[in-house]
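A.B. asks: Chains as they are written, first to last, in our numbering: chain A, 697 to 1022; chain B, 4 to 502; chain C, 2 to 319; chain D, 28 to 321; chain E, 182 to 506.
Any given hint might turn out to be false.
[Unchecked claim] Covered stretches of chain C, as calculated for chain A (at least 3 residues, CB under 8 angstroms):
(1) 202-216
(2) 231-241
(3) 299-313
Worth flagging that the hints you see were computed from the coordinates, not collected in a lab.
Note that CB positions come from ideal geometry on N, CA and C, so glycine has one too.
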Amino acid sequence: MRAENPILQVKNLQVDFLVKKHTITAVKDVSFSVDKGTTLGIVGESGCGKSVTATSIMRLLPRQYSKISQGQICLDGEDLLAKSEEEMYKIRGTKVSMIFQDPLTSLNPVYTIGTQLCEVLLTHKIADKKQAFEMSVEMLRKVGIGDARNKMKTYPHQISGGMRQRVMIAMAMLTNPQVLIADEPTTALDVTIQAQILELMAKLKEDFDTSILMITHDMGVIADVADYVCVMYAGEIVEYGTCEEIFDHPQHPYTKGLLKSIPRLDEDTKILYTIKGMVPSMQDMPRGCRFSNRCPHCTMRCNEQHPDLKDFDRHQVRCWLMDGNC
Amino acid sequence: ACGNKDAGGESKGGEKTIVYGQGGAWNRLMPYDLIGMFSIMPNEKIFDRLCGFDNENIIYYRAAESIDLSKDQTVFTVHLRKDSKWHDGEPVTAHDWEWTFKTMAKPEFEGYGSRGFLTQFAGTDGSGTGDIQIKAIDDYTLEMHLKNPTTPEAFFGSYSYYYYVLPKHLLEDIPVDELGTCDFWDNPIGSGPCKFVSEKPGYEVVLEAYDDYYLGRPQFDKLIYRVMSEETLSSGLLAGEFDVGWNTVTAEEALESLDGKNGLHADLVDNKINIQMVLNNEKFGPEVRHAFELAIDKQLIVDSVLKGYGEPVCSALMPSSPYYNKDLKVEYNPDKAKKMLKEANFDFSQTISLGASNSDREKMAVIIQDCLKKIGVNVEIETGDATTLMSGARDGSIDMCLLQSTTGASPTYLMMDYVTDGVTYCRVQDPKYYDLHVAVNQCVDKDDRIKKAWEMQKVLYEESPNINLVDQDIYMVCSSKLSNITVPNNDKCWEWVVK
Amino acid sequence: MPRYIIKRILSMIPVFLILTFAVFILSDYAPGNAVDLIASENKMTEEAYQSLIHAYGLDQPLLVRYANWLLDLFQGDMGVSVRAKMPVMQMIGNRIGPSLFLMVTGLVLSVLIAIPLGVAAAFKPYSFWDNCSSTLAFIGNAMPSFFLGLCVLYIFSAKLGIFPGYGMYTAGTEGSLGDLLYHLVMPAFVVAFTLLGDLVKQTRGGLLEVLNEDYVKTARAKGLSEKVVIIKHALRNSLIPIVTVISLNIPYIVGGAVVIEQIFGWPGIGTLMVQSINARDFSVVMGITTMICVVVMCCNIILDIFYGVLDPRISRSK
Amino acid sequence: MQEVVRTIKDTKLLIQKENFFQKFVKHKMATVAFMIIAIEVIIVFLGPVLFDIDPYFMDSSSLAKPPSSVHLLGTDDIGRDIFARMLYGGRISLAVGVCSTLISFIIGIPLGLCAGYFKGKVEFLVMRCVDIFQSFPGLIMILVLVAIFGSSVFSMIIMIGVMGWIQPAKIVYGATLSVCEKDFVESARSMGASHATILIRHILPNVLSPVWILIAFRVSGAIIMESSLSFLGAGIRPPQASWGNIINAAQNATVLATQPWIWLPAGIVLFVTIICINLIGEGVRDALDPKMKR
Amino acid sequence: MDKPLLEIRDVKKYFYSDGIKVGKKQCVKAVDGFSLDILKGENVGLVGESGCGKSTLGRTILNLYPATSGTIRYQGQNIEKLSFKKMRPYRRELQMIFQDPYASLNPRRTIFQSMEEPLELFKLGDKGERKEKVIEMLNEVGIGREHLDKFPHEMSGGQRQRVAIARSFILDPKFIVADEPVSALDVSVRSQVLNIMRRLQETHSFSYMFISHDLSVVRYLCDKVVVMYLGKMVECADKKELFEHPTHPYTRALLSAIPIPDVHRRSERIILEGDLPSPANPPTGCVFHTRCKYVTEECKNVCPELKTLHGSHQVACHYAEKFYE
Ligand SMILES: Nc1ncnc2c1ncn2[C@@H]1O[C@H](COP(=O)(O)OP(=O)(O)OP(=O)(O)O)[C@@H](O)[C@H]1O
Ligand SMILES: Nc1ncnc2c1ncn2[C@@H]1O[C@H](COP(=O)(O)OP(=O)(O)OP(=O)(O)O)[C@@H](O)[C@H]1O
Ligand SMILES: [Mg+2]
Ligand SMILES: [Mg+2]
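Construct all of the structure, not just a fragment, from the sequences and the given hints.
C.D. replies: Right under this line is the structure:
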């Protein structure tokens, strides 16, 4: 599973939140790496720590009450966690960019699109005002916005959701970053628009050779865009491997369940598979495997001992069941 | 830069400026349309009057040199000063006076408050209009015909503040119905001791000394009247914002927190404030009224509310005056009062309303309430602004009301609201009091006057058409540069000593 | 935008009519009238009293008087003050300037103090600065302005003599700008202080809320420094509710100015209002009512325009 | 934002298990403030009964005397006991604050509710009224009203109460608008609930939380209003005491400078009371709305 | 064929904004002429892009919004003009389920209170009976009685949605509008709820209109699928027919755009240009022409009628026959 040419490497990441004097470990022991020019997809249910993982790469977690208590995040060989805040200012937006779920709220309503686009270039002193303008127009064209020059002068509320999301992508791509983190970039959009955006991202990836960290909870989207997949559950990676592997040979009961419980467009299902129960809350995690209370194959051991993420073929799986097989 | 520096200061090269803080605003600078005491002060500086009145019950003359009284005591022959000049340099003549009175009495000249005082003159009707009997005999002699016999002392003691002279030569071409509101009043020209400089209505009026005033040029260069809220007068004096202020510094405040501080000095003024309680004379007979008077502990009012700066009285006159009836003694006798009420079949179950407007009077009202309770009379205190209470007293919805007025030595101060024949506050209808007053007014001889005045006071005390409670001491607080302000209305500004 | 303003003005007309009518009726019910007051100061006969009542038209029916008043108003005439015999328009004209000057300065002062305080507080919630500014906000909210005014006056003017406490300029001078500002310090401070609490709270709360918004996260992800994020991206957005707070407070400022003008002898509309109510000079009261309506309306329209400047969503959709 | 909201939902198990009271108690300042107010209320309402003191009794042997064993807080210039006046004044000030707030809410809540729920004409009417009341300073309006109706405690309560209805009405209106958008209202309607049922059962309980928060601020606002009116000579009038008019003795420079016992206690108590009430308001806000505080 | 349970004829719903603009009122044509028959026991799926008027249609059918024009007949009775009061008896038989599990239960009322309310409103049974009924219904959706006294915020989204579903069934309705009841739920919870819906549909005899933007869910649950675009019906057919022979260009694009969770089946996506036009200002002619690849002059000018092809397959496209394969 070691990537040959990792541009982004996350090792044993653990993030803690301090909520009302309780420490909550939102993300634990997360490791993955992203190769140059590839897409890593992270899937998982709501609240499983996808966004926290992404945000901690940007080092944008709320400082007052969160802490990266363990691990390493290496971008292009540099340890981001060792950087000072000022150094991070220089890295954000240039080497790593991020786009968020909701295009409606991710653009500042009081500034024009142009201002917000140029701001990136001006802040990082990549270009002067005039150049910045031209570069932004150019980028807008690339993401498929016609009449880009005029659109520069519009305010976010004057353009549609799909267009806004494109502007977000343009903004992220302006500086030609090495890594683009997309946190559920299409969840708020309609399917037809989602298709447009996914298409666009695929094209940009080709053109710029950018590595993408794609976060979503839609297995369909993952199947569509990712080269590698991390499946997360309750703050942990439960399965990690190439896209084909995960979809063709899911090993972890959670991944299996997830895949089976989706109604398919291409075939009729009589009764959907269901994963019984619900995700345990962060306060009362099971002692052993975090999935144990919902797992159909749960054993004594699962209840007692916490499994590690183990290599298994071209897979990494966190499950005791795998032990026997290995 | 402020602080102990004197108000106004010598901002313009050694100019002497006096800033006068007034607790309320003048309504306008038009001497026949004055409302309230705060209006009189700036007006009477600009416009001249015939005479003024000293504390000693002595007339001092201003525009008049002397006043003769006819035999039947109804005609004044006024000899005017020959050196009086308008601020524009023209001489003031008897024709100005005649014109002024005649014009003010014309019916077209409508809607002005102080015209009510013209009713004293022959030829006018009850609202003060008509062919007023005032004539200029020659340039400097004026003849005034009155409705009732009187003496100059008595007459001007009551009314001198209301008759002014206006410049005929500037105003006679203006139609009478526009006279009251014409441009002249924006920049009035009079013949008084001060010239008008500028005015910000309701806030500030700036006057300057009139060099040619016949009684002498005032020592200041500028006199500025400013309105300030009553609450902040004393801090204003302390801060040197005002050189002198009128009217709400209490004696205690003047002596304890102002005198000697920041160059201020407080002087006792001869006049006093007389606090009286008017009662509904229709509702309460003489016995009941007097019983109330006996039941009120006037000394307590002096001690507590006035902090001892005052004295209990039983007449509207100052006790030091020769006209004050020395036989009358302040009496506090609740038992007797109770007996009197019982004899008068007073209905003890009723609740009497007592109106009081400012905070001192409210405190007095509390004491009165307490006193009357001791003889079994229930009193309920009504508070409100003066206007509300006045109209309440007038229409009878308030039974008793506390009022204050300045007092002096002259028996004219005995003339109270009940004396006028028309609208009275507390429905005094007994003509006896009016007749008594006229009798006093008619006496030319001083001893005679004193006798009549004593007699009148005795009647007033025994029947208590209104109850005189206490006389309150007044202190004038001035900055160090100003002294010799004696009377509370301080009209003799040419005598003020300015450093 | 102009259309919108016209619409706003039109929508204020019924408000204005109802309000003035209410005040008109109320003033009619008030015990005593201007003539009573004149009569109480100047002894007069019943006849003279009645002739004055007639002269001022107080014997006409209420509705007739209101209609006349309205008609006159549309011709730019607010009537004549019974007391001062001066056109009400002119009286108000003399007073409105100082009043507005005081209120606007107070407002600006308070905004200038409150926003940095609020920003400092939001920058590091629960820090020393935050505690300081919220304490200040608390005191500002809890301190009755008259009491603050009296205390400030006593300490700074009467005792220390640092600031002048009366009027707009030194008596006897024409009042240079410096002198004016010098006199303005204390009243403006008191006006500012009464508003401070609300503004600091709103700035802090609004900013904290905005800091949670996605676009702030976007701005951070762009690599902007925290200062730029707060000042450029967050503050601008949180100004919008601040403008709302200000516009809601305008009547309070006008009302509070009555007290403050009274204390500091400021020749403004407030003192005139109190004088006129006490004197039952209702043509002036009506005039001031009208004036206040107009001022509040203008302020609101100005703030609306300001909204538009701050928030393109509003200006573009007209 | 999304994250935080979700976080709150997640951590809800922690938070929501505590009831309102427990959450309120967490706010230490508010708890202290609450206790102070509670004690104050007890003293003010039981004090006169227990201590047998008369706020109107004038002790002519002790005029404007500093605190002593006979007069705990001294006497005013006509010998009335300051402590007694404070207690009675407290009754009146608190009564004015609480009762006028009550009136404001009794008027404001139904109006806001109806305006937000029925929309159309009702909304238009109510909102125009709000405009009217909002575009005119309440203080000035009350000054005019006082000139007419006088300034007894009763009329003071009514006037301040009536002038104060906009704030609750507006808050309730806003909340109602947003609650009406919620599906459960629609769902109640789709189940055939009547307007009254929807308003009382579904909307009212859900719009009350901002109202609870507002209560405290309105009470303190009303107390300040009363004292400001007293200052202008239009508030509660002597002989009746209120904190406002006790403080007004400080208008006299002598009293201000040399007899602080006359006005200082009332000033401090008024100030502390308002601060405490505001703190309680903050506490209620934090307890009802965990978003504001982490 | 029976008489349809619900006949919807040319229903229109316009929203007029009388905001701050002077002069002409702006009008949003949320639903602009919609006709459909729903038979007893038939499950209709309604799909379309966000903002195309699905929810509005659902609410208009239930007379929660007054229709601007058109008729809605429920069991032969016109209900679109009924007043709030007159509508009450029908409410019992027409129910609605909402999208947001966090908003569809009154946060101040316990689960039991919320569940009991419909029974109480229609005065059904005494206290004990009601409680029994509530417990029974909750059982059906897999919620135990220990949850009765909980407040909504003490439950998870899936549980709440199940309660909401149970509540809409408690009066034994004949027709239910389900407005995206699962789109706010997580994948693993969604399948639980979908299964429950499907089971209920088998055990109770009622019809419903299932609104969704997710065709795969519709496919799982419904018999008939209606595709909407900008306030209009563009295609309507039986499930099988529709998925095998999607005809309208929009339907085809929609079908192709849905990502399939299968790495080997990457479908050829048809990418539509541009965005959904605003319903305040819909395009002339065919509403879809601005984004259609096959647009002709005719499309731009003439609004296509619904054509019936092959049984009950209806399509609103000028070239329906050509596209039908
Ligand atoms: N600001 C925060 N404060 C406290 N806890 C937080 C915060 N942000 C996230 N968490 C915790 O971290 C966990 C993971 O949250 P995260 O936002 O990463 O989930 P997610 O996978 O992105 O979910 P979604 O798909 O809903 O976006 C949550 O359960 C939450 O408890
Ligand atoms: N109450 C309303 N007032 C004004 N316009 C409305 C109202 N409700 C909906 N609309 C408008 O009607 C159109 C259709 O809205 P509707 O909610 O029915 O869409 P939808 O298909 O349900 O969308 P979604 O999939 O996002 O739920 C939208 O453009 C919307 O702006
Ligand atoms: Mg997330
Ligand atoms: Mg919808």
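A.B. asks: Run every hint past the structure and note whether it holds.
C.D. replies: To see whether the hints hold, each was checked on the structure:
no. : hint    : result
1   : 202-216 : holds (count 3)
2   : 231-241 : holds (count 3)
3   : 299-313 : holds (count 3)
Of the numbered hints stated above, none is contradicted by the structure.
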